[in-house]
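Asker: Given chain L, put chain S in place with the hints provided.
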Amino acid sequence: MTTFAQRVRDTMRENLSGREFTHQDVAAHLDLVSDEEKQPLYAVMRDFKKRGEIICVRKGVFKYAHGIEIRPAQVQRRMWSLLRSMRTVTVDDLVALAQASEHYVREFLQLLVRQGIVRHIAAPNNKPGKWQMIADPIKMPRNKDKAAKLQALRDAKKRAMVEINQAAQSMVGATAALARLKTALDNMPEEDDE
Amino acid sequence: MQEIKPKPVFITTTNVRNFQVAMSAIGLSAGEGRLMAVSGRAGRGKTRTSQKWAADNNAIYLRMQTVWRTSELYFLQALCREVGVEGNPPGRKATAFATIVETLLPYPRAIILDEIEKLPGYFLDVVRDLADLAATPIILVGEDELPPMMRRNRRVWSRTYQHVTFEPIEAKDVIIYCLETTGGAIRLSAQVAAIFHAAAEGDFRIVRRDILNLIQMCNARGKTDVDDKMARIATSQAMRK
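Which chain is which? The protein sequence lines are L and S, in order. For what it's worth, my numbering labels the leading residue of the first sequence as 35, then goes sequentially. For what it's worth, my numbering labels the leading residue of the second sequence as 166, then goes sequentially.
Excised from the complex, chain L in its bound form (with noise of 0.2 Å):
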């Protein structure tokens, strides 16, 4: 089953390649009418700037900024294969040669200092810092917080589906007593008036 992002980013390779583009002109490829089925888009299109996946040429207009297809896993493992190959990077050096945007490439190398893995070097008079590289565990690490964070929203979203369910059923059961309350008050005879 094709994901609503991918569906996106299919309709910008093939259709809006090479071209300036607006949110417009994906909705109509899409055939997303009115503003409410328009708002995925927005969130989606929003994801993929940050990524660095389109890129902004001027407010409200964008370009589909890669050729081939490009996943998050993609890109995290392009870093890392660049980290450990160069041992001392600056965010400069993983957005220019793994095509990732500043924000993804920061919020990478600080997921490596908490784990041990990078210490960040600044570097004076407001220069950019360096990371380097201080244990090497070969296998990219995952990332735990994000991990444990999605286990816990799934396991919130499983508690709430049983409470839904029990009061689907419950309403199920109140709904048939009542017709049953019904059929007995239709059932009972008229009083006398005497």
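Don't read these hints as lab results, they were simulated from the structure. In this text, all values refer to a predicted model and were calculated from it rather than measured experimentally. A portion of the hints provided could be inaccurate.
Negatives, chain S to chain L, calculated, CB over 12 Å [to be verified]:
1) Gly192
2) Lys217
3) Ala220
4) Tyr226
5) Thr235
6) Arg257
7) Asp279
8) Ala300
9) Arg319
10) Thr325
11) Tyr326
12) Ala336
13) Ala359
14) Arg386
15) Met395
16) Ile398
Here are the simulated BS3-like pairs of lysine-lysine, each with C-alpha atoms no more than 25 Å apart in a straight line [claimed, not checked]:
17) L:Lys161 x S:Lys172
18) L:Lys173 x S:Lys258
19) L:Lys84 x S:Lys172
20) L:Lys164 x S:Lys337
21) L:Lys173 x L:Lys161
22) S:Lys394 x S:Lys337
23) S:Lys337 x L:Lys161
24) S:Lys337 x L:Lys83
25) L:Lys93 x S:Lys172
26) S:Lys170 x L:Lys93
27) L:Lys183 x L:Lys84
Coverage of chain L stretches by chain S, computed from C-beta distances (three or more under 8 Å per stretch; other residues unrestricted) [as the list claims (entries may be wrong)]:
28) 108-118
29) 130-143
All C-beta atoms in this analysis are idealised placements derived from N, C-alpha and C, irrespective of residue type, glycine included.
Answerer: Below, chain S without anything else, positioned relative to chain L:
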């Protein structure tokens, strides 16, 4: 004039294009152990290009260490770790070698070995055997000493499918780099680009430093028209070899 903030860019120079074409050609021989040589003087982008290619293509990149010269075992152990052998790498050369081959055969990945010219010539025989038995392409990256080192070993040179020489950067690379890093704000004329090109003596690192100086000057003066005088000041500020 809005302040120009240099954008980090990796430009596709002629050297990078030649490298990419050679890598595509070597990819056509998938399933065969081919060697490729990439050579050139320092500062021409060989290492950075190889590292980027390895990252983009899930290849293995390993920089050879001078301290390995006493035994191939250290090199083989480092390569064991890179190919993903779990736990401590084997303590014997033959076992380490066999483990690498065993790991690579079902899932071949290109291997890039940087600065192998630092090590004795017999390391090339180990590399040749690896390429043959693991049926994987191995790319050797090094300075000008690398091609003669490989040519001296007939068996190695006969398996060398491609040889890419990283030439000095061209003036047009300077124009493109300036354009891309400034987001189109500074366009160098051919005459001005020639000044940066001459000052760099083929070394891209010097071009990068000089362009950064130029950007600072443009920001300070509030203009993006660059003349010969500005170019000479920008190139004289940076440290030279």
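Asker: Against each hint, give a clear statement of whether it holds in the structure.
Answerer: Hints, verified against the model:
1. Gly192: Gly192 (chain S) is indeed farther than 12 Å from all Cβ atoms of chain L, at 16 Å.
2. Lys217: Incorrect as stated: the minimum Cβ-Cβ distance to chain L is 5 Å, not above 12 Å.
3. Ala220: violated (4 Å)
4. Tyr226: violated (4 Å)
5. Thr235: holds (23 Å)
6. Arg257: holds (21 Å)
7. Asp279: violated (8 Å)
8. Ala300: About 22 Å separates Ala300 (chain S) from the closest Cβ of chain L, which puts it past 12 Å; holds.
9. Arg319: Arg319 (chain S) clear of chain L: closest Cβ-Cβ about 31 Å, beyond 12 Å.
10. Thr325: Nearest chain L Cβ is 23 Å from Thr325 (chain S), so the label holds.
11. Tyr326: holds (23 Å)
12. Ala336: holds (21 Å)
13. Ala359: holds (25 Å)
14. Arg386: holds (20 Å)
15. Met395: Its Cβ never comes within 12 Å of chain L, the nearest being 22 Å, so this holds.
16. Ile398: Given a closest Cβ separation of 20 Å, the condition holds.
17. L:Lys161 x S:Lys172: holds (14 Å)
18. L:Lys173 x S:Lys258: Cα-Cα ~24 Å, so holds.
19. L:Lys84 x S:Lys172: holds (16 Å)
20. L:Lys164 x S:Lys337: Distance of about 30 Å is beyond 25 Å: violated.
21. L:Lys173 x L:Lys161: violated (31 Å)
22. S:Lys394 x S:Lys337: Cα-Cα ~20 Å, so holds.
23. S:Lys337 x L:Lys161: violated (29 Å)
24. S:Lys337 x L:Lys83: Distance of about 30 Å is beyond 25 Å: violated.
25. L:Lys93 x S:Lys172: holds (19 Å)
26. S:Lys170 x L:Lys93: Within the cut-off at roughly 19 Å; holds.
27. L:Lys183 x L:Lys84: This hinted pair holds, its Cα atoms lying about 21 Å apart.
28. 108-118: holds (count 6)
29. 130-143: holds (count 3)
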